[in-house]
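Visitor: Sequence order for the protein chains is A and B. Going by the working numbering, the first residue of the first sequence is number 388, and it counts up by one from there. Going by the working numbering, the first residue of the second sequence is number 388, and it counts up by one from there.
Some hints could be false.
[Stated by the list, open to error] To give an idea of the chain A side of the interface with chain B (calculated C-beta under 10 Å), a few residues:
| id | residue |
| --- | --- |
| 1 | His462 |
| 2 | Glu463 |
| 3 | Ile464 |
| 4 | Lys480 |
| 5 | Val482 |
| 6 | Glu484 |
| 7 | Lys508 |
| 8 | Val529 |
| 9 | Asn534 |
| 10 | Lys535 |
| 11 | Ala540 |
| 12 | Cys541 |
| 13 | Val545 |
| 14 | Glu576 |
| 15 | Thr586 |
| 16 | Asp599 |
[As the list claims (entries may be wrong)] FRET-style restraints, in silico, Cβ to Cβ:
| id | chain 1 | residue 1 | chain 2 | residue 2 | range |
| --- | --- | --- | --- | --- | --- |
| 17 | B | Ile578 | A | Thr586 | 51 to 59 Å |
| 18 | B | Asp521 | A | Glu604 | 19 to 27 Å |
| 19 | B | Arg609 | A | Asp446 | 43 to 51 Å |
| 20 | B | Glu425 | A | Lys417 | 49 to 57 Å |
| 21 | B | Ile578 | A | Gln562 | 39 to 47 Å |
| 22 | B | Ser499 | A | Glu533 | 23 to 31 Å |
FYI, nobody ran anything at the bench for these hints, they're computed from the structure. In this text, a Cβ means the ideal position worked out from N, Cα and C, and glycines have one as well.
Number of protein chains: 2
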Amino acid sequence: MCKYAIIVAGGKGERMGNHIPKQFLKLNGKPILMHTIEKFHSTFPELKIILALPENQFDFWEELCYKFGFTNIPHEIVAGGKTRFHSVQNALKLVNENGIVAVHDGVRPLVSQHTIINCFKTALQLGNAVPVVDVVDSLRYVNKAENKAVKRACYKIVQTPQCFQTALIKKAYQQDFIEEFTDDASVVEAIGIKIHLVTGNKENIKITSPEDLVIAEDYLTR
Amino acid sequence: MCKYAIIVAGGKGERMGNHIPKQFLKLNGKPILMHTIEKFHSTFPELKIILALPENQFDFWEELCYKFGFTNIPHEIVAGGKTRFHSVQNALKLVNENGIVAVHDGVRPLVSQHTIINCFKTALQLGNAVPVVDVVDSLRYVNKAENKAVKRACYKIVQTPQCFQTALIKKAYQQDFIEEFTDDASVVEAIGIKIHLVTGNKENIKITSPEDLVIAEDYLTR
Chain A
388 MCKYAIIVAG GKGERMGNHI PKQFLKLNGK PILMHTIEKF HSTFPELKII
438 LALPENQFDF WEELCYKFGF TNIPHEIVAG GKTRFHSVQN ALKLVNENGI
488 VAVHDGVRPL VSQHTIINCF KTALQLGNAV PVVDVVDSLR YVNKAENKAV
538 KRACYKIVQT PQCFQTALIK KAYQQDFIEE FTDDASVVEA IGIKIHLVTG
588 NKENIKITSP EDLVIAEDYL TR
Chain B
388 MCKYAIIVAG GKGERMGNHI PKQFLKLNGK PILMHTIEKF HSTFPELKII
438 LALPENQFDF WEELCYKFGF TNIPHEIVAG GKTRFHSVQN ALKLVNENGI
488 VAVHDGVRPL VSQHTIINCF KTALQLGNAV PVVDVVDSLR YVNKAENKAV
538 KRACYKIVQT PQCFQTALIK KAYQQDFIEE FTDDASVVEA IGIKIHLVTG
588 NKENIKITSP EDLVIAEDYL TR
């Protein structure tokens, strides 16, 4: 059984108030993306890691790996696409053996080993697994002129890694892209597959703003 | 037209990993609750402020006010109830003139003056106003065995201050409490009133964990 991790790092940096794509911003002195890759490698040393990165960042990544001595974790690099969907689609071309594929956001370095193991284990048993956590704020449903309170206990916030049997995810990604595909679960669900939820870890935030970096550093310091 | 703010501070401290109720934890050297009250007072100096606090914290609050020289902002104190609903119900007994009531979480010190003014203005025109912000993560609807991806663009995260014409909110709070009342908008909506949404400010987070305190200090430092 082969294990793959597709790490998607599509950030172009527009939202961080500076010009460094967010996956390269430093967390405790080292690019976020390196923390993420290390977490997966340390959990499963035999894991095949595929990094989807915008093509014009390949050289910069190579420089960073050299500068930070990040040369011990083998990983293949594929060109990111127009959207996250297209990046995953490209990366899946390198998935040629049967097993489990995890798709993970490059800017979620704080995923726990427990979450990763749990997702792989559940996907092996049930075909897929997606980590979720509770919603803490009140939620309202808004559609044009209408808006109404909804029961927040009936909603979950979706994280990554989202894990799937290789044949299943490869089949799902043969579909044409639609706007509703915001994550891999929604793509796989669209071919009629039931998604299985597992409990994620609260710290597993997606770093998309300078405030998130501060939280992440705080988590790492504890 | 009379303006009221009911500041609800019901925290008993169990969730912060220590025994100080969260509204009293220090943010840049001063209890969170003082920041919150100051923000409302500086926005509308004529505002009548009603603080709903667990009865066994009255003395501690008085000590804190003395210690921090927090004696220039007049505010009335009422006993908090079993739930947030019951605290607001108690506080509304002190609302005796026509105008607008804002209900605000004591642990949201980072509400902007712009948000406060916008909510009061809209409530004056339309009867009520509730600040909301976008959902940034993927969401799934979960109900027993069923779960499915939902369009996150159709959901909003609800903040405070939630503002209402006095007659409206007093009428709504005559209802019996049900579990679905997670905020004031849901209470007012239950008597058949349409809720009006205004744009909140992203920093206006509810401080409920040590990580939130770190984010809040970061926001204040900027």
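Visitor: So which of those numbered hints doesn't the model satisfy?
Guide: 1, 2, 3, 4, 5, 6, 7, 15, 17, 19 and 20
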